[in-house]
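K.L.:
What follows is each chain in one-letter form.
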Amino acid sequence: MKIAIASGKGGTGKTTVSSSLLSVWESPVIAMDLDVEEPNLHLFVKPTFTGKRTANMEIPKVDDALCSKCGKCGELCQFKAISLMGEILMIFPEMCHGCGGCIAICPEGALTTEFRELGEVTWGQSGDVEFLMGRLRVGEAMSPPLMKVVKEKLKEMLDASSKDVIPKDVIIDAPPGVSCPAINAVMDSDIILLVTEPTPFGFYDMKLAHESFSPMGKPMGVIVNRAGLGNAEVYDYCAEKKLEIMAEIPYDRQIAETYAKGSVISESSDEMKQIFISLAKKIKQKTGSRKSQGGMP
Amino acid sequence: MDKIAVTCEEASLDAKVDPRFGRAAGFLIVDPDTMEFEYIDNGSTQGMAQGAGIQAAENIANSGAKILLTGNVGPKAFQGLDAAGIKIGQNLDSGTVRQAIEKFKAGDVDFASSHNKTGHWK
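These protein sequences, in sequence, are chains A and B. Going by my numbering, the first residue of the first sequence is number 1, and it counts up by one from there. Going by my numbering, the first residue of the second sequence is number 298, and it counts up by one from there.
Chain A with its partners taken away, still in its complex shape (with noise of 0.2 angstroms):
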């Protein structure tokens, strides 16, 4: 089973939570940070990092010698990474989205491989939990590229334990947003956990991620953070869409107090540590009925 942790708004609590659920889910766990653009996860979870690899895309290198400037590659890409100006083909390396259509429709074969280097992918072991993380390269604007070389090495992870009696579980650190970045991390998973705060811009912008995952069709649930504080936009929309609200956070200063340190709140005390506790089971009800009901494989 994948979780993936999502928000919408920056800053509402995505990696407290995702920290805190590893801290207590009982089954073999991988933690994925898939915010390759400031991954953080490794920051409370600690891993020992044990290995990593560069993460890079197919460019398009033009041959000049064998290029006849038909210019059909220009034509093709929709992002003009690549492009005859007059009676020079041009490529533009990182407008590129990697799709390699350029080279596949080139009449003359003068058109090659070369490398740019998306960031970085790394992974380790933080007790019983193995960890993954992607880093974006400074100055890269793509993340889904990365997130697709992150996804692979999950799956070698998923396949090196396959014969296991009990299957591994993923718990996905999301980035925040709607767009690409925020779709890539969660469309992989079984379930969707959008983590807000009870306040008018928690609550625009969690309205917008289920808005935007909702097509999906992923079972969604929701985990209010600093509970107690703002309004109660939030729990009349999550009233009206059916959707349930899994956990809530008290606004506590003793948990901002064990966040700044770095620690994971459910191991601040017997309170936290039940929240976490409740929210797992929930998910694998909400997961399990799902199964039976769907017939998911």
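Quick caveat, the hints were computed from the structure, so don't treat them as lab data. Worth double-checking, as some hints may not be accurate.
One-sided excerpt, in silico: chain A residues whose CB lies under 8 angstroms from chain B [unchecked claim]: (1) Gly74; (2) Phe79; (3) Lys80; (4) Ser83; (5) Met85; (6) Gly86; (7) Ile88; (8) Ile91; (9) Phe92; (10) Ile277.
Idealized CB from N, CA, C, for every residue including glycine.
Given chain A, put chain B in place with the hints provided.
P.N.:
For chain B alone, kept in the frame of chain A given last:
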């Protein structure tokens, strides 16, 4: 004399020069001797998520114009226009297309040696 491309808000010599190059409404390709012109609509480029400057540079290169008069040009558009051998007059968006061409004919336009806007108008 070489044909001149001018960014414009409408298909007229008396239209205002569109300050944007990549996302200009359109281009007038003008014969400076006769002042006859052809209009190239740039509407489909305006809506591109990325690469509008490159697409517009390609459009100008294909138009046969050797000179471009406009307001602002970004780095990739400049690179493309430069590669295609097109000379660029910038910061000409205070008047009409006709005025920009007259200014050029009077020898009052200096060709740019680099772009005058960074990507995304930073």
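K.L.:
Would you list, in rising numerical order, the hints stated earlier that this structure does not obey?
P.N.:
8, 10
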